[in-house]
Structures are given as structure tokens and as C-alpha cells.
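The residues making up each chain are set out below.
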Amino acid sequence: MLRDIEAFSGHLLGPGTLYGAIERLEHDGLIEPLPPEDRRTPYRLTDSGRAHLVAEVAELHQLFRAASERVRA
Amino acid sequence: MKYLTRLAVAIYPSSWRQRYGSELGQLVEDQGSSLAVVLDVLAHAVETRWRFIVQLETGGGGPMKRWRQPIVLAMVGLVIAAPTAILVVASVLKYVLGVGTLFDALEPTMTPIVTSPVGETFLVLAPYLAFLLAALPVTRLGVSRGEGRLGVTIAVSSPLANLAVVLGSATLIVFMAVYWIAENL
Numbered sequence: 001m002l003r004d005i006e007a008f009s010g011h012l013l014g015p016g017t018l019y020g021a022i023e024r025l026e027h028d029g030l031i032e033p034l035p036p037e038d039r040r041t042p043y044r045l046t047d048s049g050r051a052h053l054v055a056e057v058a059e060l061h062q063l064f065r066a067a068s069e070r071v072r073a
Numbered sequence: 074m075k076y077l078t079r080l081a082v083a084i085y086p087s088s089w090r091q092r093y094g095s096e097l098g099q100l101v102e103d104q105g106s107s108l109a110v111v112l113d114v115l116a117h118a119v120e121t122r123w124r125f126i127v128q129l130e131t132g133g134g135g136p137m138k139r140w141r142q143p144i145v146l147a148m149v150g151l152v153i154a155a156p157t158a159i160l161v162v163a164s165v166l167k168y169v170l171g172v173g174t175l176f177d178a179l180e181p182t183m184t185p186i187v188t189s190p191v192g193e194t195f196l197v198l199a200p201y202l203a204f205l206l207a208a209l210p211v212t213r214l215g216v217s218r219g220e221g222r223l224g225v226t227i228a229v230s231s232p233l234a235n236l237a238v239v240l241g242s243a244t245l246i247v248f249m250a251v252y253w254i255a256e257n258l
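Heads up: the protein sequence lines correspond to chains A and B, in order.
Quick note on numbering: the first sequence equals residues 1 to 73 in the numbering used here.
Quick note on numbering: the second sequence equals residues 74 to 258 in the numbering used here.
In short, the hints are calculated from the structure, not lab data.
Hints should not be assumed to be uniformly reliable.
With beta-carbon atoms standing in for the labels, derived distance ranges [unchecked claim]:
1) Thr244/B with Asp4/A: 50 to 58 angstroms
2) Ser68/A with Gly98/B: 18 to 26 angstroms
3) Ile254/B with His52/A: 54 to 62 angstroms
4) Leu60/A with Met249/B: 47 to 55 angstroms
5) Val149/B with Arg3/A: 42 to 50 angstroms
6) Leu60/A with Lys75/B: 37 to 45 angstroms
7) Leu198/B with Pro36/A: 15 to 23 angstroms
8) His11/A with Met249/B: 41 to 49 angstroms
9) Gly29/A with Val187/B: 26 to 34 angstroms
10) Glu32/A with Gly98/B: 51 to 59 angstroms
11) Asp4/A with Ile254/B: 22 to 30 angstroms
12) Met148/B with Gly29/A: 33 to 41 angstroms
13) Val187/B with Tyr43/A: 54 to 62 angstroms
14) Met249/B with Pro42/A: 52 to 60 angstroms
In this text, all values refer to a predicted model and were calculated from it rather than measured experimentally.
Where a beta carbon is used, it is the ideal one built from N, C-alpha and C, also for glycine.
Extracted from the complex, chain B is given alone in its bound form (with noise of 0.2 angstroms):
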């Protein structure tokens, strides 16, 4: 349990760490490690670590990088998931709607890469890493305890771009799973 204590505190942003991670560690040595404190430890870090990226509050976290804007993660995001899209697109085109122009251009260039495992493996997994990309630099996580129960809310804010992102990828994801299951079932 201690080893996973100092894992959830090493999840908290460098800058909080050296203002309050030695209090912190020396209070989980007093009040010793168990589940309930490691669990407390990890929701607050996670928590702590998504505002210092969306910069909700400056918290004591200094100014953001600009790398780390959400609007910036979405757009890379846009980026990872842009091949998937436009392979899904030019497929839905060509065997649903008949027009195959796209696809028939796209096929010499995206055939080696649909063919390689790690090329399928970044076609598949482009989609859920740019929902998550988008998403969790907007969402915010709260965790309180009262009365012996555990209260979780999420709050998320919506800049358009995000937005987009969120549900562009979310299609794509929805898109390849039915047609996963219409293949393989």
C-alpha cells in the first residue's frame, strides 16, 4: 500500500509536488497507507493533474505550456485521427453509396499501410487516442467524501474544436465497432 501511495502522489504535477508533496508524504506516513487513502491520494492527483493541464484554476501551477492547450490537443488529435477518417469515409463512399473515386485514389497509398500490423494496430487505436486527447483536457474530476460515501461529478467545458474532436472520434470508434461485429459475428 505505501508503494502505491507514493505511485498515486508521483501522479500529482511536478510544481505541486515540491510545494506540497513532502507534507503530503510525511501526513500518509502519520495516517498510514490503506486502500481508502490510496484511492483518496490517486483521485485527487488525477484530479489535480487534468486542472493543471486545462488550467482551470493557476492553482500554483504556473503558466501553461502552450502545447498543453486543449484546443492544441484536439488539433493533434485531429491529426491522428484524420487517416482513419478518411479511410472510413472513402469507404462508406465506395461500398455504401457507390462512388469510388476516393477510395480508388486513396488505395495505392493506404494498402501498405492497412496491410502492416502496425499500420492497422495506429488505424485502429488513432480514433480512441483522439477522443481522449480532445476530451480529457476539458473534463474536470471531483471527488468528495461525506457520511461514509464516496461522491464522483464530472464537469466538462466545451470549446467547439474539442467538441468536434470528441464527436468525430467517437463516430469513428461507434463506426468500426458495428462494423467489427458485422464481420466477425
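Next up, chain A with everything else stripped away, as it sits in the complex (with noise of 0.2 angstroms):
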């Protein structure tokens, strides 16, 4: 996991950081666990988390497109 965010991001996240967000978005219902495999256990997105995440990008693109439009103008 921490590879996969460093590899999108260009952040190596601490296990304390990570394990922080893991716990507040379990908090919040965003993600569950899976069983463990292989000594690690895997996460997926809740229903709730999907409908967030997809909320998240809709608005970083609104953003997106907005500061696009001012930086050309």
C-alpha cells in the first residue's frame, strides 16, 4: 500500500501516517478489511467510501478544470 502511494503521489508515508488515515477511514465506514493474506491484511472500499471517493474526484476535477480555464485566461 505504501508503495502504491508513493508511486501515484510521489510520498512515502510513514506507517504511523498510514496507519493513522486507515483507522479514521475505518472510523467513518469508508474502507473495511478483507481477511489476511499472506501476513497482510487488504482493505476495499465500503459502498460509502466509493460514493465519497467518486464525490472527491468529481470535485478535484471541477477544481481542475476551473484553475485550467484561469491559468489560460
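Please assemble the complex out of the two chains, which come individually in their own frames, going by the hints.
Here's what the structure looks like:
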């Protein structure tokens, strides 16, 4: 998960930072743990998490479009 | 480094460790221990521990025990710092303002305490302990890393009782420090 985050964001999170985020996301019902695989515990988005992510991406997309238009103007 | 990381993980609240401890331990083992990892885990362990005490979020910490409530801790701090506060007020009244009634009334009780090493140490350290008891439960530490920089934020909520004990104990600490400097330098 840390490598994945580093690959798309360029930031290498520390284990404490990652589990702080996992705790908050799970507490908010946005992710849920799956049965452990090979000593690791995978997590997946819940329906609520997926809806939240879609809304966040849409908002970012709108922000990106607005910023791009202003930069071009 | 591995030992230090384990020590940092032990700072997390027990209910947090029961839920995430083995996963975090596995991740640290996979990633390898380094100073950055120790500091990262330590910062979040302290933040989580404080958050559980203050219960700013429920976070799986369960109901907060009554004695851990910020106002209760502030009251404990007040009781601990009270003898020092009374002694300082009585001394100021007598030696600065010339009103010795309170000091003279307290002297027979206070003299054996002030002249014993344990009593003196307690009276000196009490305001620091009161300060910590009142301040820590209402303080939240946030640590984030990005673009190679470490960001630290400190958020303080302010229940009146805690604020009063923090200000009172800080005043005592400053007063005693100034007095010590004036006497010894």
C-alpha cells in the first residue's frame, strides 16, 4: 500500500501516518478490512467510501478545470 | 531501531494496539526500521494516545474512563498545586505586602514539609505536574509529512477549568523561577 501511494503521489508515508489514516477511514465507514492474505491485511472501499471518493474526484476535477481555465485566461 | 520502534508502538492505547498493532508491526517489519520510521510511529502513537484521552474522536477507543476526563485531571492538578500556591500567596502577602496573618497561621504546618527533601521536591514539582495534567488532555498534536518536510500542528481546546489551572500553574512556575534566580544569582 505504501509503495502504491508513493507511486501515484510521490510521497512515501510512514507506517504511523498510514495507520492513522486507515483508522480514521475505517472509523468513518469508508473502508473495511478483508481477511488477511499472506501476513498482510488488505482493505477495500465500502459503498459509502466509493461514493465519497467519486464525489471527491468530481470536486477535484472541477477544481482542476476551473484552475486550468484561469491559468489560460 | 527495531527495539525503539517496538517501544513507540507500545505507546499506542491498548485497544488501538489490539485492533491495528499486529498490522502495524508487520508493516514496520516489511519496511525496515529507520530513524524516520521510529519518529513517524512515535509521533502518531503520542497523538493517538492524547486523542484517546481527550476523546476528540471516538476512534475505537471506547468510552473514556471518568478519571481521564480533562476537567477531572485539571481538578487533580489543582489539588496537587494547591499547597505550593497557598505557600507562595502567603509568602507574597507577608514579605511583599506586609500582611503576615496567613503565613503565620500556616508556618507550624508548613515548616516540617518545606524543610524535608521530599516535601520541598513535591512543592517545587507540583506546579509542573499540574500544568501537564491540565494542558495535555486538551492538546492535540498533528504530524504530517510531505515533499520531504515534516509538519507539526498543535491544537488546543479550552475548557475553562483546564485553562485556569494551566495559567495558575504557569504563573507559579514563572514566579518560582524568578525567585530562584533572584536568590541564587
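Here is what the structure says about each hint:
At about 52 angstroms, the CB distance of Thr244/B to Asp4/A agrees with the hint of 50 to 58 angstroms. Checked against the given bound of 18 to 26 angstroms, the beta carbons of Ser68/A and Gly98/B, roughly 44 angstroms apart, lie outside it. A C-beta distance of roughly 57 angstroms is found between Ile254/B and His52/A, which places it inside the suggested range of 54 to 62 angstroms. Checking the proposed 47 to 55 angstroms range against Leu60/A and Met249/B shows it holds: the Cβ atoms sit about 54 angstroms from each other.
Val149/B and Arg3/A have their C-beta atoms about 46 angstroms apart, which keeps the hinted 42 to 50 angstroms range intact. Restraint check, Leu60/A to Lys75/B: a C-beta distance of roughly 39 angstroms satisfies the suggested window 37 to 45 angstroms. For Leu198/B paired with Pro36/A, a C-beta distance near 47 angstroms fails the hint of 15 to 23 angstroms. His11/A and Met249/B have their C-beta atoms about 46 angstroms apart, which keeps the hinted 41 to 49 angstroms range intact.
Between Gly29/A and Val187/B the beta carbon distance is about 57 angstroms. The supplied range of 26 to 34 angstroms is therefore violated. Checked against the hint of 51 to 59 angstroms, the C-beta distance between Glu32/A and Gly98/B comes to roughly 21 angstroms, which is inconsistent with it. A hinted range of 22 to 30 angstroms is violated for the C-beta pair Asp4/A and Ile254/B, which are about 56 angstroms apart. Between Met148/B and Gly29/A the beta carbons are some 36 angstroms apart, a value that agrees with the proposed interval 33 to 41 angstroms.
Distance hint check for Val187/B and Tyr43/A: the Cβ-Cβ separation is about 59 angstroms, which falls inside the suggested range of 54 to 62 angstroms. At roughly 56 angstroms, the beta carbons of Met249/B and Pro42/A sit within the given window of 52 to 60 angstroms.
Going through the hint list in order, the structure does not satisfy hints 2, 7, 9, 10 and 11.
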